[in-house]
Amino acid sequence: GQQLNQSPQSMFIQEGEDVSMNCTSSSIFNTWLWYKQDPGEGPVLLIALYKAGELTSNGRLTAQFGITRKDSFLNISASIPSDVGIYFCAGQPKASSGTYKYIFGTGTRLKVLA
Amino acid sequence: NAGVMQNPRHLVRRRGQEARLRCSPMKGHSHVYWYRQLPEEGLKFMVYLQKENIIDESGMPKERFSAEFPKEGPSILRIQQVVRGDSAAYFCASSISEKLFFGSGTQLSVL
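Protein sequence lines correspond, in order, to chains A and B.
Just so we're aligned: 39 in our numbering is position 39 of the first sequence, and the numbers increase by one with no gaps anywhere.
Just so we're aligned: 1 in our numbering is position 1 of the second sequence, and the numbers increase by one with no gaps anywhere.
Some hints could be false.
[What the hints assert, rightly or not] Below are the DSSO-like pairs computed for lysine-lysine, each with C-alpha atoms no more than 27 angstroms apart in a straight line: (1) A:101 to B:27; (2) A:51 to A:101; (3) A:51 to A:70; (4) B:44 to A:101.
Calculated from the structure, these hints are not laboratory results.
Only a predicted model underlies this, so the values are computations on that prediction, with no experimental measurement involved.
Input sequences plus hints: build the corresponding full structure.
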C-alpha cells in the first residue's frame, strides 16, 4: 500500500532553535494536513495545504506543499517547551479524491530542552 | 479536537468480550472516519462512513470488526470477541471538507 516516510523520527532541540521535518512518498497527493498529538490525546490540526507549491503559516509554524506533490515540509521557528509532542503529516492520495481518506506518516517526536 | 466526542475514553475488556466505541461528529459534519493507532506508530485508516452508509471499509479487518453510523445517534465501532492484539487507541474524525478533526480517542485494553 501507499506509504508516507516522515523524518526525522525524533529530535531533541534547544529552546529557541528552529525545527524542520518532512514527509515524502512515491505517490501523488491532493491535500496535505499537519497535526500535533500530545500524549493521551487526539491529533490537533495545525495546517492544511491544497495546492502544489503552496506555503502556509500558522503563527510560528510554516508548511509547504511540495512542487512534485509527493512531499510536504513543516518548519517551527523559535521553538518553546510547549512545542513538545508528536507531529504527523497526513496526505490524501490522488486516487482517493473525494473520500478524504488520509494516509498518516509515522510521526516526528519533538523534545525541547529549556 | 473541539466538537468530536468519543466515549468511553478508556475501555478494558477481557479476551472474548465485545467492545463498543462511540463517536459523535462535530455539529453539521456528515462524514465520520475511524482510525487505529498502536504505540509509537501513526494512525491507520479503518473505515469511512456517511449517515446510514459505509463508504470505504478497506482498512477494517474482515472478521470481528463492524461500524455503523445510523440516521440518529453516534457512530459505533464494534469489536466482537476481542483479542490482545486489538489493544490500541481508536480515534474518530469527522469532516465537512478536506479537513479532518479528531476526537480524544478511546484507549482499548484487552486483558
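Query - Indices of hints not satisfied (ascending) - result: none
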